Amino acid sequence: MPRFFSQLVFGICVITAVLINTAQAGVSEQRAKELTYLLHQDCGACHGMTLKGGLGPPLLPQNLINMSVADISAVITYGRVGTPMPPWKAILTDNDIHWLSKTLKAESNE
Amino acid sequence: MNNCQRLLISTLLFLPSLMIFADCGTLRGTGDLLLIIERMTGSVVIAETTNNTKLCQLTGLGDLSHASVVYSRDQRYAFVFGRDGGLTKIDMLLGQINKRIIQSGNAIGGAISQDGSLVAVSNYTPGGVNIFSSETLELVAKIPTPKSSKSKKSRVVGLTDAPDKRFVFSLFDTGEIWIANMSNLKKPEITKFTGIGKQPYDGLITPDGRHYIAGLFGEDGLALLDLWHPEKGIKRILGNYGKGQKKLPVYKMPHLEGWAIAGNHAFLPAVGQHKVMVVNRNDWTQEKAINVHSQPVFAIGRPDGRQVWVNFAFPDNDTIQVIDTDTLTIVKTMTLGKGILHMEFTPRGEQVWISVRDKDQVVIFDTQSFKSVNTLNVIKPSGIFNTSRAHKIGL
Numbered sequence: 001m002p003r004f005f006s007q008l009v010f011g012i013c014v015i016t017a018v019l020i021n022t023a024q025a026g027v028s029e030q031r032a033k034e035l036t037y038l039l040h041q042d043c044g045a046c047h048g049m050t051l052k053g054g055l056g057p058p059l060l061p062q063n064l065i066n067m068s069v070a071d072i073s074a075v076i077t078y079g080r081v082g083t084p085m086p087p088w089k090a091i092l093t094d095n096d097i098h099w100l101s102k103t104l105k106a107e108s109n110e
Numbered sequence: 111m112n113n114c115q116r117l118l119i120s121t122l123l124f125l126p127s128l129m130i131f132a133d134c135g136t137l138r139g140t141g142d143l144l145l146i147i148e149r150m151t152g153s154v155v156i157a158e159t160t161n162n163t164k165l166c167q168l169t170g171l172g173d174l175s176h177a178s179v180v181y182s183r184d185q186r187y188a189f190v191f192g193r194d195g196g197l198t199k200i201d202m203l204l205g206q207i208n209k210r211i212i213q214s215g216n217a218i219g220g221a222i223s224q225d226g227s228l229v230a231v232s233n234y235t236p237g238g239v240n241i242f243s244s245e246t247l248e249l250v251a252k253i254p255t256p257k258s259s260k261s262k263k264s265r266v267v268g269l270t271d272a273p274d275k276r277f278v279f280s281l282f283d284t285g286e287i288w289i290a291n292m293s294n295l296k297k298p299e300i301t302k303f304t305g306i307g308k309q310p311y312d313g314l315i316t317p318d319g320r321h322y323i324a325g326l327f328g329e330d331g332l333a334l335l336d337l338w339h340p341e342k343g344i345k346r347i348l349g350n351y352g353k354g355q356k357k358l359p360v361y362k363m364p365h366l367e368g369w370a371i372a373g374n375h376a377f378l379p380a381v382g383q384h385k386v387m388v389v390n391r392n393d394w395t396q397e398k399a400i401n402v403h404s405q406p407v408f409a410i411g412r413p414d415g416r417q418v419w420v421n422f423a424f425p426d427n428d429t430i431q432v433i434d435t436d437t438l439t440i441v442k443t444m445t446l447g448k449g450i451l452h453m454e455f456t457p458r459g460e461q462v463w464i465s466v467r468d469k470d471q472v473v474i475f476d477t478q479s480f481k482s483v484n485t486l487n488v489i490k491p492s493g494i495f496n497t498s499r500a501h502k503i504g505l
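Top to bottom, those sequences are chains A and B. The numbering used here puts the first residue of the first sequence at 1, with every later residue one more than the last. The numbering used here puts the first residue of the second sequence at 111, with every later residue one more than the last.
To give a feel for the contact side, a few chain A residues facing chain B, derived at Cβ under 7 Å:
hint, residue
1, A45
2, G48
3, M49
4, P84
5, P87
6, I91
Here are a few chain B residues that face chain A, going by a calculated C-beta distance under 7 Å:
hint, residue
7, D173
8, S175
9, R193
10, F327
11, P359
12, V360
13, Y361
14, K362
15, F424
16, P425
Simulated from the structure, these hints should not be mistaken for laboratory data. Note that the structure is predicted; figures quoted are calculated from it, not measured. The beta carbon of each residue, even a glycine, is placed where N, CA and C say it ideally should be.
The shape of chain A in the complex, shown without the other chains (with noise of 0.2 Å):
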């Protein structure tokens, strides 16, 4: 039972997280399901679909105290030199990628 009520403690911050965020990056709620489809599948091909990480590093909150917005956009954006993370530039907007960022970060400050 506990675990259940932090589960829904859990989604329905993160739902909130999504819609905040939602509003604020100026990204539409189709767009928004379509990023966190991507996060999940395509990112996750790398960092796990549960983003607990696997070739690439885990992304869950935790793994991201020390990064600001800013810093996980700027490694989404141009990737990581010398890491197989390539940069999303070219198929993500810089709205896209704000929104990813925040998304994240959104959920670490639970």
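Given the coordinates of chain A, assemble chain B onto it according to the supplied hints.
Positioned in the frame of chain A, the structure of chain B alone reads:
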């Protein structure tokens, strides 16, 4: 609502699932069975290739992103390796989970030994290889890897079985290839090759079990180990692999498993290029590069070697191309929907099963006519694994 109505409704609700499940557990062979991973729901589907139907679905397998499967030599049991360190033994005949353990925090596939007695799992967290009895899933040996940083052990990739009761694998963070000889279970004999290249990200063994090849992310070329002559050490091959033109960003790392061999040629997906490399198998030099639709992920040979089917990385993962290995040209291009993640041939290759993730479909094609034979509804399908893998080295 009275009791009868309730009963009727619940019967109607459960009838479809009963009907689906009815097919698992009847007397039959296993040679035409396969298993499809449903990555998002932590479930798998057992299907058969004689009539191209689903038999049953099993749930409760945890995080199945990047999941893979090996089979017992009697082709009855499937061992499913989950991302979350889960190792699940499935009875393909009964359509039941036989046993399930969580053996680490984060894992990336595994292998079954030549004699079928051992199942090995390669782990990211903590790095290393765990080896289990295939019968009971009891831990029989642990092979820890060296530390790559203060707190982390090197992650293991490209784990494969090899003849003479050996497992071979690569260490991503420390750039090594290890051979573990499991003749003495109490004391596995480890042969280590260090400095094999930067960031080996995947490995494969040739179908004859002789050559182990690791793909390197951190530099160009591939690392080759001749298991007939391990004393000769690692040889670097295909120095141009990944070179030649400006590298493109890689949104999905290519897989080396299942690469195609036809006559003297081996076909492998290039990293960061829109090419499939054609390699001379005798001296491991590149003979040609075939231009393809986008960055290839899998280049898988039809069992007879006549065709190579190629899928592609995000964002071009809606397309399949077929290479004729005789003329080295593309003979077919098909757009099937986004998220084409894997292809698996029937044992003799007359059909191919393709998972199309975003359409929640597995589509089945005749490989000669390229006509669609059937389409199955499967939830976010990824890997497809035929039981014929049971009798192939390295699969």
